[in-house]
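Colleague: First to last, the sequence lines map onto chains W and B.
Numbering-wise (our numbering), the first sequence opens with residue 1 and increments by one.
Numbering-wise (our numbering), the second sequence opens with residue 1 and increments by one.
One should not assume that every hint holds.
From the structure, some residues in chain B lie toward chain W, with a derived Cβ separation under 10 Å [said to hold, decoys possible]: (1) L6; (2) T266; (3) P271; (4) Q275.
If you're looking for bench data, these hints aren't it; they were derived computationally from the structure.
Ideal placement from N, C-alpha and C gives every residue a C-beta, glycine not left out.
As a plain string of letters, each chain reads:
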Amino acid sequence: MKKKFWFLLTLLFTLSIVLAACADNSSGDGEKDAESTKGSDTEDADAGEPKKGGKVTFAFTSPFQGILERGLYEGEDDDLILNFMMDSLVDTNDALEPEPGMADYVIDEENNTVTFTIKDGIKWHDGEPLVAEDIAYAYEVIAHPDYPATRFSNVSMIEGAQEYHDGKADSISGIEIVDDKTVVLTLTDIAPNTMSNLWSYPMPKHYYEGIPVAELAESDQVRKNPIGTGPFKVTNIVPGEMVELEKNADYWQGEPYLDGVVYKVVDASLATGLLENGEVDLMAIPSSQYKEIKELDNIKLYEEASLGYSYIGFKLGHWDKENEVNVMDNPKFQDKKLRQAMAYALDRQGMLDSFSNGLGELIEAPMPPVSWAKADESELTTYSYDPEKAKELLDEAGYVDTNDDGWREDPEGNEFTVNFDAMSGSDISEPRAQYILQNWQDVGINAKLNGGLKEFNLFYDVVENDDPSVEVFMGAWGLASDPDPTGLWKKDDFWNFARWANEESDKLIEEGISDKAFDKEYRKQVYVDWQKLVNEELPNIFLYAPVDVYAANKRLQNVHTNSFTSQVDTHLWWVTDAAE
Amino acid sequence: MLVYTLRRIAIMIPIIFLVSVVVFFLANMMPGDALSGKIDPLNSDPQYIADMREKLGLNDPIYVQYGHWISGFLQGDFGQSFVHKLPVSELVLSRLPNTILLAVIAMFITYIVAFLMGRYAGRRPNTTGDYGVQILNYLALAMPSFVAALLLIYFVSFQLGWLPASGSIGSGIEPGTWDYIVSKIKHAVLPSLCLGLLPIASYTQFLRNDMIESAQKDYVRTARAKGTPEKKIYNKHILRNSVIPIVTLLGFDLAGIIGGSVIIETIFTYPGVGQLFIDSISNRDYTVVMAITMLLTVMTLIGNLIADILYAAVDPRIRLD
Numbered sequence: 001m002k003k004k005f006w007f008l009l010t011l012l013f014t015l016s017i018v019l020a021a022c023a024d025n026s027s028g029d030g031e032k033d034a035e036s037t038k039g040s041d042t043e044d045a046d047a048g049e050p051k052k053g054g055k056v057t058f059a060f061t062s063p064f065q066g067i068l069e070r071g072l073y074e075g076e077d078d079d080l081i082l083n084f085m086m087d088s089l090v091d092t093n094d095a096l097e098p099e100p101g102m103a104d105y106v107i108d109e110e111n112n113t114v115t116f117t118i119k120d121g122i123k124w125h126d127g128e129p130l131v132a133e134d135i136a137y138a139y140e141v142i143a144h145p146d147y148p149a150t151r152f153s154n155v156s157m158i159e160g161a162q163e164y165h166d167g168k169a170d171s172i173s174g175i176e177i178v179d180d181k182t183v184v185l186t187l188t189d190i191a192p193n194t195m196s197n198l199w200s201y202p203m204p205k206h207y208y209e210g211i212p213v214a215e216l217a218e219s220d221q222v223r224k225n226p227i228g229t230g231p232f233k234v235t236n237i238v239p240g241e242m243v244e245l246e247k248n249a250d251y252w253q254g255e256p257y258l259d260g261v262v263y264k265v266v267d268a269s270l271a272t273g274l275l276e277n278g279e280v281d282l283m284a285i286p287s288s289q290y291k292e293i294k295e296l297d298n299i300k301l302y303e304e305a306s307l308g309y310s311y312i313g314f315k316l317g318h319w320d321k322e323n324e325v326n327v328m329d330n331p332k333f334q335d336k337k338l339r340q341a342m343a344y345a346l347d348r349q350g351m352l353d354s355f356s357n358g359l360g361e362l363i364e365a366p367m368p369p370v371s372w373a374k375a376d377e378s379e380l381t382t383y384s385y386d387p388e389k390a391k392e393l394l395d396e397a398g399y400v401d402t403n404d405d406g407w408r409e410d411p412e413g414n415e416f417t418v419n420f421d422a423m424s425g426s427d428i429s430e431p432r433a434q435y436i437l438q439n440w441q442d443v444g445i446n447a448k449l450n451g452g453l454k455e456f457n458l459f460y461d462v463v464e465n466d467d468p469s470v471e472v473f474m475g476a477w478g479l480a481s482d483p484d485p486t487g488l489w490k491k492d493d494f495w496n497f498a499r500w501a502n503e504e505s506d507k508l509i510e511e512g513i514s515d516k517a518f519d520k521e522y523r524k525q526v527y528v529d530w531q532k533l534v535n536e537e538l539p540n541i542f543l544y545a546p547v548d549v550y551a552a553n554k555r556l557q558n559v560h561t562n563s564f565t566s567q568v569d570t571h572l573w574w575v576t577d578a579a580e
Numbered sequence: 001m002l003v004y005t006l007r008r009i010a011i012m013i014p015i016i017f018l019v020s021v022v023v024f025f026l027a028n029m030m031p032g033d034a035l036s037g038k039i040d041p042l043n044s045d046p047q048y049i050a051d052m053r054e055k056l057g058l059n060d061p062i063y064v065q066y067g068h069w070i071s072g073f074l075q076g077d078f079g080q081s082f083v084h085k086l087p088v089s090e091l092v093l094s095r096l097p098n099t100i101l102l103a104v105i106a107m108f109i110t111y112i113v114a115f116l117m118g119r120y121a122g123r124r125p126n127t128t129g130d131y132g133v134q135i136l137n138y139l140a141l142a143m144p145s146f147v148a149a150l151l152l153i154y155f156v157s158f159q160l161g162w163l164p165a166s167g168s169i170g171s172g173i174e175p176g177t178w179d180y181i182v183s184k185i186k187h188a189v190l191p192s193l194c195l196g197l198l199p200i201a202s203y204t205q206f207l208r209n210d211m212i213e214s215a216q217k218d219y220v221r222t223a224r225a226k227g228t229p230e231k232k233i234y235n236k237h238i239l240r241n242s243v244i245p246i247v248t249l250l251g252f253d254l255a256g257i258i259g260g261s262v263i264i265e266t267i268f269t270y271p272g273v274g275q276l277f278i279d280s281i282s283n284r285d286y287t288v289v290m291a292i293t294m295l296l297t298v299m300t301l302i303g304n305l306i307a308d309i310l311y312a313a314v315d316p317r318i319r320l321d
């Protein structure tokens with residue numbers, strides 16, 4: 001524990017020192033603003049024709065585990081490496097819709113089948129062609145009883161996968177290999193979001209031949225010499241530090257312009273300096289260094305609202321372990337007006353500006369701002385900062401100060417206090433929590449920290465287990481590209497930490513993945529209705545979707561970012577200073 | 001001496017055992033485990049996590065878990081890293097060479113710099129040069145190593161561009177070539193210097209004080225009276241005697257430097273045992289944390305033993321029976 005404390009302290013110190021130093025450096029020409037682009041249009045008109053050659057350094061701020069197989073990796077660190085070396089059968093576009101990647105697909109809603117046809121000319125890095133068997137093999141590995149990771153839910157919809165998973169069958173009955181390029185999957189049920197959920201990465205069967213599924217993650221084929229089908233192939237791995245990749249000249253979408261990419265682990269506190277002196281060409285930057293990096297002349301920033309969001313949840317009940325349902329039995333925050341009043345009392349924009357350099361987009365419902373299913377702002381109530389309105393609502397709900405101690409009492413006249421929980425971990429955690437408390441205290445709610453900030457693990461420990469002291473808590477979620485809210489919001493969802501059970505909500509969520517919802521307009525309407533409901537009921541106060549900022553050296557061209565990655569079409573990346 | 005060494009080694013066993021108990025229980029008292037970071041709404045299956053906890057034995061009473069761990073440990077099996085999906089011994093061994101390289105270079109730098117500065121200051125007590133060395137010393141003693149690390153990175157790497165700021169090796173370099181060795185050493189210089197800063201300061205001070213003290217001793221006066229040149233007195237008579245106690249500190253250093261690398265390796269993104277340690281603590285990768293703690297414990301104990309034995313070896317007045 002002490003070591004960890006030291007580590008945090010170290011980070012804190014490092015930030016302040018490097019920042020101070022670098023700020024001095026760039027204040028000379030504060031006029032020149034780094035161009036920053038919002039959205040996805042990132043065309044560079046005068047950069048000239050793409051040139052071949054050159055190398056690019058891509059940085060990430062924590063060490064990687066090095067499980068370089070799509071079916072086995074766990075962290076974002078490995079994910080970023082895999083983005084360079086492995087393509088998907090099904091891609092996700094900027095508006096978060098699935099579209100054909102390495103394979104074309106046909107969905108037959110009548111017969112519940114999906115047919116994948118692999119496109120021409122796709123080869124693994126060892127020269128072997130990508131075949132239908134590789135797709136089938138990936139499903140078999142993931143459904144295998146010994147499979148060590150958490151992805152069974154991505155294949156469980158294939159007929160016979162459950163039996164195979166339970167060891168009752170020798171193969172998955174729903175997979176039919178028609179020829180080398182075609183595979184037909186029979187699913188137990190097909191839903192509008194099936195293509196987003198179905199596992200879409202093949203595994204090189206010929207390459208993993210003979211390795212038991214349980215040992216795959218340790219094997220040299222995954223750890224030391226991983227292969228994929230993507231634009232870059234791994235040539236050298238230095239554990240915990242660096243991965244070197246060179247271009248895959250046989251890449252199916254055309255030979256990459258770059259000679260290679262270096263994936264490097266760096267300390268977050270050094271981001272500004274490393275970008276400034278060109279040691280790093282592209283990275284997602286810590287928001288605390290945003291201002292300094294914005295001032296750098298050689299850097300262009302790309303800002304994208306991410307797929308996650310922050311929220312403040314109300315504990316409305318508890319998780320019934322026996323029946324696996326949420327029971328809404330905590331009376332404290334059952335009054336909708338109280339919840340809304342607490343939302344109006346919060347200055348969310350002020351929080352963003354004070355603590356995150358303004359890097360966030362306010363949201364009123366749990367849907368990524370870029371999603372096609374997001375409800376228009378005019379359809380939702382905007383809980384803008386309005387302490388007067390908050391006071392009004394509290395008065396209406398009967399929360400008034402009856403004993404003149406400066407704090408409101410509850411409608412029965414008892415003392416009303418609010419316990420607030422938040423995670424520690426960064427230098428802004430404490431002041432941000434105080435800011436929120438102050439906002440509530442300003443409207444007469446006696447809010448206080450529930451014994452202090454909690455470290456990540458402890459925080460989720462008490463929130464997950466519905467500890468009686470937890471009343472209001474500030475957390476964050478990352479979302480998938482598909483808008484389906486199942487998993488976080490239904491009555492039988494464990495991760496529904498507010499323990500909010502609402503029949504209408506459950507009905508809408510189910511409607512959104514029903515057969516009728518194959519009509520996209522209809523599906524969108526269902527989700528808009530659901531967002532309206534959540535926005536009105538407010539089991540959580542929705543704060544904001546953080547904005548990810550990617551910094552790229554100006555010599556790097558054709559960078560395209562979106563809400564979930566900065567590594568789109570990396571084979572088109574090129575550098576202006578390449579020696580041709 | 002042999003009996004003494006054996007006795008010391010025998011005493012180590014209960015110490016190691018006690019440390020393992022304390023660390024194991026403390027580690028398990030930390031909230032959360034390797035699975036609590038896995039909250040993932042996309043795979044909304046608390047059942048899986050419950051199953052994994054059961055499978056990993058995290059639901060067993062803590063003494064049962066300890067029993068499992070210690071019996072594996074005694075058979076040389078440190079377990080499996082949950083996060084890295086690798087045997088812990090393989091994982092730690094793959095990082096150990098980097099840390100050892102840092103330690104060796106750090107000691108190298110320490111001894112050379114401390115010897116030169118100490119000798120310089122010891123020959124000229126209370127002059128401007130001596131005060132200069134002392135100011136440097138106190139600065140080095142007072143400055144936390146991570147502050148020193150950042151200052152060094154800022155000036156040496158970013159401003160002057162002499163040495164790389166992070167990593168242990170440059171990109172695109174073939175292992176085994178001359179370039180490879182040069183690149184390795186270049187990457188190790190800054191972190192080693194940071195690690196060595198504290199010992200440099202204390203050794204310099206040690207050597208200086210000892211030299212000043214020795215200069216008053218009878219044998220030095222005798223040498224002077226006999227007309228031995230001043231240079232010879234310092235180099236042959238005083239220095240030899242004064243260096244002895246410093247050599248014995250080598251043992252303590254061994255442990256100190258490896259402990260210090262926890263912070264330094266993280267700042268320099270140097271993939272050694274220290275970086276792995278921090279990483280494993282935040283991921284609650286208990287098996288790795290335990291293995292590295294035990295490694296550090298054993299190193300410290302052996303370091304102390306070496307120090308004691310060396311001391312007896314170089315100073316005949318000290319007997320170890």
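Colleague: Now, for every hint given, state plainly whether the structure supports it.
Modeller: Here is what the structure says about each hint:
no.	hint	verdict
1	L6	33 Å, violated
2	T266	7 Å, holds
3	P271	3 Å, holds
4	Q275	6 Å, holds
Comparing the model with each earlier hint shows a violation of hint 1 alone; every other hint is respected.
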